[in-house]
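Participant: Chain F is already provided as a structure; the job is to place chain R on it using the hints.
Protein chains: 2
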Amino acid sequence: MQRFLNNPDDIVDETVAGFVRAHRDLVRLSPDNARVVVSQSAPQQGRVGIVTGGGSGHEPAFIGYTGRNLVDAVAVGELFSSPTAKSFHDAICAVDGGAGVAVLYGNYAGDNMNVKMARKMAKKDGIDVDTVVANDDVCSAPLAEREKRRGVAGEIFMWKIGGAKAASGASLPEVIGAAQKAIDNCRSIGVGLGPCTLPQVGHPNFEIEPGKMELGIGHHGEPGMRVEDLRTANEVADEMVKIVLDDHDLPDGTEVAVLVSGLGATPVNELYVLYDRIEQQIEARGLKVYRPFVGNYFTSLEMVGATLTVMALDDELKALLDHDAASPGLTT
Amino acid sequence: MQRFLNNPDDIVDETVAGFVRAHRDLVRLSPDNARVVVSQSAPQQGRVGIVTGGGSGHEPAFIGYTGRNLVDAVAVGELFSSPTAKSFHDAICAVDGGAGVAVLYGNYAGDNMNVKMARKMAKKDGIDVDTVVANDDVCSAPLAEREKRRGVAGEIFMWKIGGAKAASGASLPEVIGAAQKAIDNCRSIGVGLGPCTLPQVGHPNFEIEPGKMELGIGHHGEPGMRVEDLRTANEVADEMVKIVLDDHDLPDGTEVAVLVSGLGATPVNELYVLYDRIEQQIEARGLKVYRPFVGNYFTSLEMVGATLTVMALDDELKALLDHDAASPGLTT
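Here the protein sequences line up with chains F and R, keeping their order. The numbers in the first sequence follow full-length UniProt numbering, run straight up by one, and end at 332. The numbers in the second sequence follow full-length UniProt numbering, run straight up by one, and end at 332.
Rather than coming from a laboratory, the hints here were simulated on the basis of the structure. The hints are all genuine.
With the Cβ distance kept under 10 Å, some of the chain F side facing chain R (calculated, not the full set):
{"id": "1", "residue": "Ile208"}
{"id": "2", "residue": "Val260"}
{"id": "3", "residue": "Ala265"}
{"id": "4", "residue": "Arg277"}
Remember, predicted model here, so these are calculated numbers, not experimental data. Backbone N, C-alpha and C define an ideal beta-carbon position, used for all residues, glycine too.
Isolated chain F (complex conformation) (with noise of 0.2 Å):
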């Protein structure tokens, strides 16, 4: 394991220290709690906060999209692992001004139940709560039973969109509404080359053996739809945008947002030459990209591999995704 590790039990802890010194700009530490990162933007009264959280190790994510006009606090959990609900409550009391908490969040077991503790809690004290929950992931479930799916990089754009539209000074239910179309209109799948370790393990906790490929592998090495060669990377792009698309049925001409992240350890120039081919394949089936983004935006520690999300969009979303923002992973 070749890595720049001290005790593996400190690496979340280390983790957020460095990213708060690194980045005192725009975000800064609960004082009550090492596992929550407030915006320094945060709170501001009568404006809805936006929280989120998930575990750590797919940096950026979730703690790098804090900032202005974005995430206002995000609960930090163990590697691969949920924030507690303690955690999530603090949150959502960081960011509180009066107006309600949005929380958007991905869909697993361990945040769907710490979020909805941290929101009986927050009621306790009279804050509003309301959550979106992300399922992004097309491959995770049938779209017949999109509620199963698990939520990926499509969270990007729902915290870009849900950020927007509290800087525009929308109601709680407006922004959730806002938050809830941009999820909807989200489907991602992720391509599997190799796996990650997580340094407490030591080893992989899943395989892809050489020359093979995982279509439809999860954010955490979840087993994909299958398990085949590895093609050429053009070949690779059209599988994606093909399985993306299928299963989001887009009117021709629906403009697109398309995010092409790599997971985190395949080299950049190699998601640009896997865009290149997804934007034309994109086209090919009568749609417009109206905004890429393609980089290292939501990682999977050092797992070999990249992910597609495609969000179609209307005026309100297109809108709402230019609005200006600023956070270490995200700037507008």
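Facilitator: Just chain R, lined up with the frame of chain F:
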């Protein structure tokens, strides 16, 4: 070799094509040369043009620093190989606004030769060209022979400072002076934990054994100052700071910009673990971190490892560092 790849001979063209698609708001391809990326805001009449160039495989460097008030054009080489003299020349011509062109590049034999030729070609065109050669890698030669040192991630600061100076309306000698001061004030070190593979070769062209690290490794796997047992993240951070600051004898209280970059396959969270310690060590030596940068700024395909760059600042450099700029790799 688990990667997204078509024909290895096409990887650079496909990377550039995907890059230009993904960042079309900021960059475009030269109509005359598919290996020259040009800022959407260049050329500007009466403003000094900023050109760089280098081998591919270091993304976001070099192309990713093309944009507004930063690099105006980049000559793109094959993986880990210099761009041609023609590409450097075409890049110079693409950004000439009548006030001369500053070519700010790294100290490698091929780049030196090709920039020299391009400069001669531009002279015949009546374009005034001057150069700064980055040599910030402390482990590649003794300080007494600094002109032999290689250029590494300090180039990013050199481009930022040079681009900002040009944006301020400075003359060519003034832009060269500021960029030269930036790189003179930079020291960098790399630590390698794992090698990378050129797709056309198919196997790593150097090795780092499990349990070992190479201190002072170059951006293409050039041998470092020593191979030793991999130590804890804090011990590695301490050693990086010590080597850089022993070389960089700075007065107490000096303000510095600090850049920690991953080399490609190191998880982002580990960069923050390193940074947390690095900042503490820098401040323990009586310096003050004015502005940190942590992320994958200058990579080497999927090499495992990280680099540290420290730039000493004065009032001019601080103002130029903070000057408005936008590029895929860096935004202020």
